[in-house]
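Chemist: Chain by chain, the residues:
There are 2 protein chains.
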Amino acid sequence: MLGLMQNWPLTVDKILDHAKEWHGGREVVSRSVEGPIVRTTYGQIHERAKRLSNALKGLGVQPGDRVATLAWNTGRHIEAWYGIMGIGAVCHTLNPRLFAEQLVYIVNHAEDKVIFSDLTFLPVLAELLPKMPSVQHVIVMSDDEHLKGCPIPGALSFEALVSQHSADCVWGGFDENTAAGLCYTSGTTGNPKGVLYSHRSNFLHTLVTMGVDVLGISAKDTVLPVVPMFHANAWGLALSGPASGAKLVMPGQKLDGASVHELLESEQVTFSAAVPTVWQMLLTHLRETNGKLTSLKRVVIGGSAVPEAIVRGFRDEFGVDVTHAWGMTETSPLGTQATPNAAIAAMSDEDQLRYKLKQGRPPVTIQLALQDDAGADLPHDGTTFGKLKVKGPFVVGEYFRGDGGAILDENGFFDTGDVATLDEHGFMQITDRAKDVIKSGGEWISSIEIENIAAGHPKAALAAVIGVYHPKWDERPLLLVRLKDGQEGTKEEFLAFLEGKIAKWWTPDDVVFVDDIPLGATGKIDKKLIRDRMKDYVLPTAQVREKA
Amino acid sequence: MLGLMQNWPLTVDKILDHAKEWHGGREVVSRSVEGPIVRTTYGQIHERAKRLSNALKGLGVQPGDRVATLAWNTGRHIEAWYGIMGIGAVCHTLNPRLFAEQLVYIVNHAEDKVIFSDLTFLPVLAELLPKMPSVQHVIVMSDDEHLKGCPIPGALSFEALVSQHSADCVWGGFDENTAAGLCYTSGTTGNPKGVLYSHRSNFLHTLVTMGVDVLGISAKDTVLPVVPMFHANAWGLALSGPASGAKLVMPGQKLDGASVHELLESEQVTFSAAVPTVWQMLLTHLRETNGKLTSLKRVVIGGSAVPEAIVRGFRDEFGVDVTHAWGMTETSPLGTQATPNAAIAAMSDEDQLRYKLKQGRPPVTIQLALQDDAGADLPHDGTTFGKLKVKGPFVVGEYFRGDGGAILDENGFFDTGDVATLDEHGFMQITDRAKDVIKSGGEWISSIEIENIAAGHPKAALAAVIGVYHPKWDERPLLLVRLKDGQEGTKEEFLAFLEGKIAKWWTPDDVVFVDDIPLGATGKIDKKLIRDRMKDYVLPTAQVREKA
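In order, the protein sequences belong to chains A and B. According to the numbering used here, the first sequence is numbered sequentially starting from 1. According to the numbering used here, the second sequence is numbered sequentially starting from 1.
Hints are computed from structural coordinates only; laboratory data are not their basis. Be careful, since some hints might not be right.
[Said to hold, decoys possible] Which chain B residues face chain A? A few, computed with CB under 10 Å, are given here:
| hint | residue |
| --- | --- |
| 1 | PRO9 |
| 2 | ILE15 |
| 3 | GLY64 |
| 4 | GLY88 |
| 5 | VAL208 |
| 6 | MET210 |
| 7 | SER244 |
| 8 | ALA246 |
| 9 | SER332 |
| 10 | THR339 |
| 11 | PRO340 |
| 12 | HIS425 |
| 13 | GLY426 |
[Claimed, not checked] Okay, the calculated beta carbon distance ranges per label pair:
| hint | chain 1 | residue 1 | chain 2 | residue 2 | range |
| --- | --- | --- | --- | --- | --- |
| 14 | B | LYS435 | A | ASP351 | 56 to 64 Å |
| 15 | B | ALA258 | A | THR294 | 41 to 49 Å |
| 16 | A | THR277 | B | ALA346 | 29 to 37 Å |
Computed from a prediction, not measured in an experiment: that's the story for all the values here. Glycine included, every Cβ here is placed at the ideal spot set by N, Cα and C.
Sequences are here, hints too, so could you generate the full structure?
Modeler: If you want it as structure tokens, here you go:
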């Protein structure tokens, strides 16, 4: 027997309808790509997004067509999102930090029909467009004035399209499982793969993240999404902001400490979200300028493990609460958040910190599993490493066009490729990427844990740990260090620095000082490239043993 | 094109699975019907609910069968809910405060196959069972010891069933639109009508109410649901509690001020929800005993309009934040909540109070419309009265067995039967029930607004206002007052008390002092009965005019 409640498909156009109806005058403030601060409202964004929808229809965009955005976080980018998704087209966010060849691959794989582009990216786009045959139109996210000298012939102006079209456009009315968004994974191995979000998955992610123990965005909040809309959908903030009636402050392309601080203060931001490097830049700026944070209350950090010094800095110097979150493109992205439960909240600040540095616990709708290679469940004891798998209504079921084949296990779980622990409070901690974990004598060693500690050495600028072939142990850890400018270091002092901080058998078999530790498009250490560079390297311990 | 995210049906068994997996040791504390305080955990509740599922299957309960509960808020009641819903049967909550004939009507209309009953209700149930032919089994929510002398032959003991059955039972696996719960409206006109909730609607209601601007239950909270699970599902707290990992404190049958206060303090409750009368009793008790509230932070009040004195009392004497909420059985129930937006939060406490006394604004997924009789939208100016209509994924689509026919308008909205205003901040205020609004000379007068003010007269115990026939104005207001014991009053002093507090033309044409103002099963004034009693009454103003 079926229930008799209303049929109300979860389509994201209803989120902006809600913002217009109940928070229509609430501001969305952007640092525009042209320079000035631009102020608009949810009411105006709703109307302009509808006009864009008509413009897209006029350009021949049909339901299911992919329409890409190559853009910073601005009000116009939000208008593009809803204008695309409202008519059943698929909003494909492009990461401008990708290498040119990856951008070309992705646009061709998605068969994007239209690309919205900020002024910033026009020179690159002009160069690549000849290799992107599916793209029929480029819409420049600016006005006619700024289009002068545009290197792309026939490019359209966003503002002209908005002014030329009517706001009379019906949104939604389709199945909630209709595709809404497309985002490609950064692809450290193989080609990038597309995650095709549905209206339902976006809507459910929005509702879950609005929970008080997740992002908990309120109508009282002023939210600054530093995390880009092209990077795992700005953790959904362009959806949860309007859904909650929060004021949004969009930082455009300026993400340096001074620019972020200026917006935090001038707009009296209460909540922000970004990767650790952004917060490190902000802390450095604040310390150098004796800056204050007069309104900021909460900061969510994700994208990579949060350094303890950032949590302490915000807490002790600025009274700002930092919460660590984990997710990936494949999880829409929020999977866990290190919000204390009652037992942890009752601990001292120092004890709480141990949990705040973990990736945290899953909200309802996210199922996590910790398993060994054979698929057997491992204990939640905080020390046993295992494969982290995830299941839920906003977790990927398969990649776009079936890339990578069947990606769920027999119980419907997606293997994140992360290696993690789970503790007695259900707090998950990533210890490594599965492909980076070092398998030594049948036991696992976390490369990330060692490199995080080594990076804390006063002489180190960056540190990386990889597993290197060893005839007896299969693999042993090798530590690579890029020293700070002007510093000199020895293997012995780095190994001494690690002593007592890691298990003795985790001690790297060697330390190599390098001029460069390469980073990928999302700012993470590119271990694949490091392994390539070190492929002829032989451990001294391996040589000795072979001689023996 | 459809998205490629996982297929993860929103069935409520996953909520208790989540609680077991991530908050398994979190306590659920009950004041048992037998007397003692009983402590259990989500882990244990999960296991016992699974055992109950097997017991129900053993009794022949099939998917879609209705299984009723006649019970107070306890851990066992939660076990019954999940045990029933997990196997696709329908949990039908019976309101024991209904008249016997209504209970019989409802059980027969639902064709309940099994009834779970607390010890309290066995004598009444024993009397009514012969008139309930569909009921095959009664499960007494206690142990064998307490079953001795049970007036129902063949009644089963809850504890015996739990101990006799295995916890090995598969839950869920069905369509998320499967019926999960059934609750009948109080039915002040005509027969009670059944609202048939689905797993999807329950799950979405849970996610929405977990939002920081709605109930906002956190894993750090200790929640005392005073509002009964048989009264609009305890506002979903038996779902949002486990979904968030909050500790639950279930008050059983003792809802007086002293008993509620004892639990609030002994269990260090942080959040509670109830109708105004419960809070009035608590405030009275606290003042009489010089009691303190050392942990309580937030209280949500709904069910009927919240008196200003309660909000002020909690705020000024106890530092507790009171939030007003509105909903109905047909909305699962939460429809609006008076959580301040940024503009209201910036006001003085006194200015905020004007908004806190309203029913509040809708969360995303709830659409409200304010319309005149012809279905035209009315302005959101805070003064224009109109019909309040509602639409959303946890709003009723049709009543059980089609009672009342098609109940949605051409745009899919359900008419709440309430008359309300909406202001510039989107805050809704109920001014009357549509059938109680007084239509005088083509304009509407709110009976509730007048009676709320009149009830504030120091001599008044209760006040009610109804519309009475008038030859010129169609209807004019009549004020009925039940005086406090030992008081005497005059028409003139009550009209003088209203002066300046309501529009002059709203002034009742007469005041009648009565010994009894009848209340219905949910504690609201029964105006239908009052109108019946007053049907031969003629207004003095009408008589004068007829003579003239």
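Chemist: None of the hints should be skipped; say for each whether it holds.
Modeler: Okay, the hints, checked on the actual structure:
For B:PRO9, the interface hint holds, the least distance from its beta-carbon to any beta-carbon of chain A being 8 Å, beneath 10 Å. Hint status for B:ILE15: holds, given a least beta-carbon distance of 6 Å to chain A, under 10 Å. Interface restraint check for B:GLY64: the shortest CB-CB distance to chain A comes to about 4 Å, inside 10 Å, so the restraint holds. The beta carbon of B:GLY88 is positioned within 10 Å of a beta carbon in chain A (closest approach about 8 Å), and the interface hint is therefore held.
Of the supplied interface hints, the one on B:VAL208 holds, with its beta-carbon coming within about 6 Å of a beta-carbon of chain A, less than 10 Å. Given the 10 Å rule on beta carbons, the hint for B:MET210 holds: about 4 Å separates it from the nearest Cβ of chain A. Because the closest C-beta pair between B:SER244 and chain A is about 6 Å apart, less than 10 Å, the hint holds. Interface hint at B:ALA246: satisfied, since its Cβ lies 8 Å from the closest Cβ of chain A, which is below the 10 Å cut-off.
Of the supplied interface hints, the one on B:SER332 holds, with its beta-carbon coming within about 8 Å of a beta-carbon of chain A, less than 10 Å. A distance limit of 10 Å between C-beta atoms decides the matter here; for B:THR339 the minimum to chain A is near 7 Å, and the interface restraint holds. Hint status for B:PRO340: holds, given a least beta-carbon distance of 7 Å to chain A, under 10 Å. Checking B:HIS425 against chain A by beta carbon gives a least distance of about 9 Å; that is within 10 Å, so the hint holds.
Interface restraint check for B:GLY426: the shortest CB-CB distance to chain A comes to about 4 Å, inside 10 Å, so the restraint holds. For the pair B:LYS435 and A:ASP351, the beta carbons lie near 59 Å from each other, so the given range of 56 to 64 Å is met. Look at B:ALA258 against A:THR294: about 46 Å separates their beta carbons, and that is inside 41 to 49 Å. At about 34 Å, the beta-carbon gap between A:THR277 and B:ALA346 stays in the expected band of 29 to 37 Å.
Hint violations for this structure: none, all hints satisfied.
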